[in-house]
Amino acid sequence: MWRTNLQVGAVVLGTVGVYTYIANTIPQVQSDVPTELTFTGEVTAEQLVAAGDELYHGAGGCTACHGLGTRAPHLLADEAGTGMIGERCSTRVQGEDCKTYLHRSLIDPGAHVVEGYQPIMPDMSRTLSPAQVWSMVAYLQSLGGEVTVTGADIGEADVPAAGAGTAGPAATAPATASLEPVELLRANLCLTCHVLGGEGGAIGPALDGIGARLSADDIRRAILDPGAEVTSGYEAFAAVMPRTFGSQLTAAQLEALVTYLARQQ
Amino acid sequence: MTRRRQWLLPCVAAGAALLLAAGAGFAQDVAAGPREYGDFPVVGGRVAVWIAAQVHLMFAAFVLGVPMFAVVMEAVAIFGKDEKYDRLAKEFTRLLLIAYSATAIWGAVLVFFLTTIYPRFWAHLSEIFEISMWFYVGLFFLESFTLYLYYYGWEKWKAGRAKYAHWSLGILLNVWGTAVMFIADSWLSYMMSPPATVAADTPPSAIGTWVAITNMTWMPINIHRLIANVVFGGAVVGGYAAYRFLAARTEEERAHYDWMGYVGNLIAIGALIILPFAGYWLGREIYEYNQQMGITMMGGFMSWLWIVQAFLIGVLFLAGNYYLWIGMGRIPGAERFAPYTKWLLLVLVLGVIVWATPHTMIANRRELAAMGGTHHPFLGVLGVMSAKNTAVNLMILTTFLSFLLYRRANKQPVVAWARTGTRVQGAAFVLSAAIVLFYGVYGYFVSAIVRIGFSIYQVTAVLACILTVITVDVMMLRGATSRGAIRWGQMPARSQYALFVLLVTFTWLMGLMGFARSGIRQHWHIWEVMRDTSPWAATPALGYAARVISACVLIFLGMIAFIFWLGGLVEKSTLVKSAGLERQEPARELVEAGGA
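Chains as they are written, first to last, in this note's numbering: chain A, 1 to 265; chain B, 1 to 596.
Hints are computed from structural coordinates only; laboratory data are not their basis.
No experiment lies behind these values; they were computed from the predicted model shown.
Don't be surprised by glycine CBs; every beta carbon is placed ideally from N, CA and C.
Any given hint might turn out to be false.
With the Cβ distance kept under 8 angstroms, some of the chain B side facing chain A (calculated, not the full set) [claimed, not checked]:
#1 Tyr-243
#2 Phe-301
#3 His-523
#4 Pro-535
#5 Thr-539
#6 Gly-543
#7 Trp-565
Here are the in silico distance ranges between beta carbons for each label pair [unchecked claim]:
#8 A:Leu-13 with B:Thr-214: 39 to 45 angstroms
#9 A:Gly-14 with B:Pro-339: 29 to 35 angstroms
#10 A:Glu-115 with B:Pro-339: 52 to 58 angstroms
#11 A:Thr-4 with B:Thr-460: 41 to 47 angstroms
#12 A:Ala-252 with B:Tyr-280: 33 to 39 angstroms
#13 B:Ala-108 with A:Gln-118: 25 to 31 angstroms
#14 A:Ser-125 with B:Ala-199: 22 to 28 angstroms
#15 A:Glu-42 with B:Ala-108: 53 to 59 angstroms
#16 B:Ala-538 with A:Thr-44: 38 to 44 angstroms
#17 A:Asn-5 with B:Arg-120: 44 to 50 angstroms
#18 B:Leu-554 with A:Val-195: 34 to 40 angstroms
#19 A:Asn-5 with B:Val-43: 25 to 31 angstroms
#20 A:Gln-265 with B:Gly-426: 54 to 60 angstroms
#21 B:Arg-120 with A:Thr-44: 48 to 54 angstroms
Computed list of chain A residues with no C-beta within reach of chain B, every gap over 12 angstroms [said to hold, decoys possible]:
#22 Ala-177
#23 Ser-178
#24 Val-195
Turn these sequences into a full structure, and let the hints steer you where they fit.
Here is the structure:
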């Protein structure tokens with residue numbers, strides 16, 4: 001009987017031991033809590049790269065598309081024989097150096113869409129502070145290239161909060177003071193992705209007839225929390241719409257927009 | 001001083017030291033005023049709650065899975081008029097009585113830990129869910145007393161209409177248990193996917209209980225756990241039977257526990273086959289709720305976890321099939337299927353290799369450089385979902401084929417259309433495999449959004465094959481002659497160790513998936529509503545998690561072994577009494593009692 005007990009015990013311990021060993025031999029990645037960083041004009045390239053690295057793999061949400069399939073170009077690895085992003089950035093657009101190209105790609109992503117990909121990248125200046133955007137540029141430059149971003153690119157008054165994005169986007173100033181709905185749609189770049197009356201892109205669901213599909217409450221919720229209900233067929237782009245409109249629009253602007261869209265029968 | 005006392009004193013001293021340390025920590029916190037977090041000596045607060053929650057969950061799965069198993073066995077006994085299934089159901093219901101206490105004890109430990117270590121979080125949760133917590137307590141009472149009636153009324157209501165009433169009690173027991181699980185699931189799923197209307201500054205009093213309960217991942221988790229509990233119940237039954245088989249002293253005992261192990265394995269692997277579909281639904285809902293959470297789970301810091309999961313599921317498929325193949329050695333006529341075994345093994349091994357191929361891993365630059373790109377230059381093509389879905393569907397088909405061969409081994413169909421029926425079954429397998437392969441290959445040439453839809457066609461093809469083949473088989477084997485009775489008990493010992501591997505792997509996998517579900521919240525108690533500001537807020541790496549999971553598994557299996565041992569003590573006294581009362585059927589009583 002004792003022999004049987006020992007054999008059973010050995011099988012149990014051996015199996016548990018093998019699984020524990022395997023789990024300890026693969027790459028160990030801990031998900032750290034985002035920490036807040038502040039920069040001054042004396043910031044070093046290493047500090048910027050470190051902050052950008054943290055943003056890229058965390059709050060920036062870049063890994064949702066880049067490097068995970070066919071949604072967006074690889075940045076950390078070779079892309080179609082052109083090298084990592086730091087290697088190829090200076091030759092992407094004639095007349096634009098690496099720093100300018102990367103910065104523009106982040107704050108005006110529609111300007112230079114890489115061939116073969118859809119223009120799904122959001123304007124990162126809506127969710128990141130200018131200093132955070134510059135730290136991201138520095139990190140991308142470091143991937144095979146020379147870091148030329150300096151403290152001079154960042155205003156001394158600007159205080160980024162690298163990695164704080166997962167705690168919710170920072171409050172953003174309204175893009176316009178207007179209460180006119182179409183002006184609001186244009187100023188907040190809604191028409192970059194949504195089409196209305198023949199104007200706009202086709203990345204997100206059309207706004208034509210949206211009032212017949214959604215109630216005013218649903219429209220309000222879709223603006224404030226876009227990930228809550230994703231229209232069928234657009235799941236792949238669910239993360240593209242910024243979750244910043246709650247702080248970006250004033251209450252009056254939000255209601256004007258909701259009322260206008262609800263009437264689009 | 002005896003040796004036992006020599007051991008006892010240091011243990012008592014260590015226990016007292018732990019209590020004193022905990023008490024000192026608690027006193028300091030009280031002195032500092034209201035606090036957000038408590039502490040726990042040695043292992044820290046997080047690990048204490050982690051272990052309490054995980055072990056409680058393992059016991060809960062056991063006490064929810066086994067009644068499902070028992071009530072199905074009782075139904076087979078009633079409608080199939082086979083009393084041995086009734087004895088099997090009763091034997092396991094007896095173990096439930098003791099397991100219930102352990103579940104409740106671990107539940108109490110968990111609540112005490114939460115209230116003392118995470119008081120702010122627990123206050124938030126209890127304010128939202130207080131009504132459901134009262135219901136939970138009420139249902140727990142109903143469940144407990146229904147269990148008492150079910151077990152203690154077994155002999156009294158064993159014939160005629162009373163037997164149906166007794167079976168209804170078993171169904172009722174499952175209803176209460178499922179309701180209890182659904183309520184508890186609402187609390188944890190709320191932590192993952194709070195309704196969109198809830199923000200960080202929303203006071204708990206303003207959050208409707210029903211709105212919080214019916215959050216986006218609630219029902220997928222309910223269904224996933226429901227099926228997983230059946231799998232787990234079957235695996236525990238298999239482990240128990242394996243131990244009793246190895247410890248058996250008579251042929252009757254060995255035959256009984258061999259048969260019990262077979263039934264446990266059949267249920268565990270059978271339910272395992274449909275579990276991935278429920279998991280797929282849960283994953284999809286997580287993605288739809290929040291894509292960032294989905295990416296964290298599948299393509300973020302947890303991406304390596306799925307490689308370990310693939311390895312574990314590979315072990316489950318291989319061990320389950322291995323047990324069946326060995327089992328065919330005790331079935332007359334099974335030798336004609338033996339040549340196919342190596343091909344089935346080949347398909348399974350290739351499937352596991354493909355499934356465990358890493359692909360969308362978060363890698364640093366050094367790792368990318370070493371790999372020569374984001375994916376391995378040759379094997380990377382096997383790491384995408386097209387290949388993995390194809391592999392797992394073919395593994396399911398292969399396992400089903402193993403079951404079919406096992407089932408057909410000693411039967412000789414007598415219907416005139418037997419040859420045609422077998423051809424139809426073969427065609428169903430070939431067609432299903434062809435559809436799975438076609439969409440697997442075609443998936444490489446279409447966009448991701450189209451490719452995701454292909455998995456539904458693959459799953460449908462496999463399920464259709466299973467249904468078609470089973471239907472044909474049942475009709476074809478009506479009145480079939482036997483090539484010889486199954487020689488229950490004539491199994492080599494190594495087959496029983498396969499059942500232990502299955503039990504340990506299922507239990508470990510449960511711990512791993514618990515870590516995955518909880519860990520994707522990262523540094524949030526409640527996703528984007530309540531931030532974890534404790535010293536343990538960082539989500540640990542898989543190696544650390546594996547050590548905690550292993551500790552939970554060993555605690556659970558150790559306690560289950562104790563419960564089984566207690567069950568054995570009860571059996572002995574029953575055997576003496578029964579043997580004295582019904583001497584005309586000593587062998588049967590011995591089998592019923594499980595042996596002394």
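Right, here's what the structure says about each hint:
1. Interface restraint check for B:Tyr-243: the shortest CB-CB distance to chain A comes to about 6 angstroms, inside 8 angstroms, so the restraint holds.
2. Hint on B:Phe-301 holds. Least Cβ distance to chain A is approximately 4 angstroms, under the 8 angstroms limit.
3. Proximity of B:His-523 to chain A holds as hinted, the smallest CB-CB distance being about 4 angstroms (cut-off 8 angstroms).
4. Evaluation of the B:Pro-535 hint against chain A yields a violated restraint, the C-beta minimum of about 10 angstroms exceeding 8 angstroms.
5. For B:Thr-539, the interface hint holds, the least distance from its beta-carbon to any beta-carbon of chain A being 4 angstroms, beneath 8 angstroms.
6. Using the Cβ-Cβ criterion of 8 angstroms, the hint placing B:Gly-543 at the interface with chain A is satisfied: the shortest such distance is roughly 4 angstroms.
7. Hint status for B:Trp-565 relative to chain A: violated, with the closest Cβ pair at about 10 angstroms, above 8 angstroms.
8. Checking the proposed 39 to 45 angstroms range against A:Leu-13 and B:Thr-214 shows it holds: the Cβ atoms sit about 43 angstroms from each other.
9. Evaluation of the 29 to 35 angstroms hint for A:Gly-14 and B:Pro-339 yields a pass: the beta carbon distance comes to about 32 angstroms.
10. The hinted range of 52 to 58 angstroms is satisfied by A:Glu-115 and B:Pro-339, whose Cβ atoms lie roughly 55 angstroms apart.
11. Between A:Thr-4 and B:Thr-460, the C-beta spacing of about 46 angstroms keeps the proposed range 41 to 47 angstroms intact.
12. For the pair A:Ala-252 and B:Tyr-280, the beta carbons lie near 44 angstroms from each other, so the given range of 33 to 39 angstroms is not met.
13. Between B:Ala-108 and A:Gln-118 the Cβ separation comes to about 54 angstroms, which falls outside the hinted range of 25 to 31 angstroms.
14. Separation of A:Ser-125 from B:Ala-199 is about 24 angstroms and conforms to the stated range, judged on CB atoms against 22 to 28 angstroms.
15. Taking the beta carbon of each, A:Glu-42 and B:Ala-108 are about 56 angstroms apart, inside 53 to 59 angstroms as hinted.
16. At about 26 angstroms, the beta-carbon gap between B:Ala-538 and A:Thr-44 misses the expected band of 38 to 44 angstroms.
17. Between A:Asn-5 and B:Arg-120 the CB atoms are about 46 angstroms apart, so this pair conforms to the stated range of 44 to 50 angstroms.
18. Between B:Leu-554 and A:Val-195 the CB atoms are about 59 angstroms apart, so this pair departs from the stated range of 34 to 40 angstroms.
19. The beta-carbon spacing between A:Asn-5 and B:Val-43, approximately 28 angstroms, falls within the hinted interval of 25 to 31 angstroms.
20. With their beta carbons about 57 angstroms apart, A:Gln-265 and B:Gly-426 fall inside the hinted range of 54 to 60 angstroms.
21. Hint check: B:Arg-120 to A:Thr-44, Cβ distance near 39 angstroms, so the stated range 48 to 54 angstroms is violated.
22. For A:Ala-177, the shortest C-beta to C-beta distance to chain B comes to about 25 angstroms, beyond the 12 angstroms cut-off, and the non-interface label holds.
23. Even its closest Cβ contact with chain B, about 27 angstroms, leaves A:Ser-178 beyond 12 angstroms, as expected for a residue assigned away from the interface.
24. Interface exclusion of A:Val-195 from chain B stands, the closest Cβ pair being 19 angstroms apart, more than 12 angstroms.
The structure fails to meet hints 4, 7, 12, 13, 16, 18, 21 from the earlier list, while all remaining hints are met.
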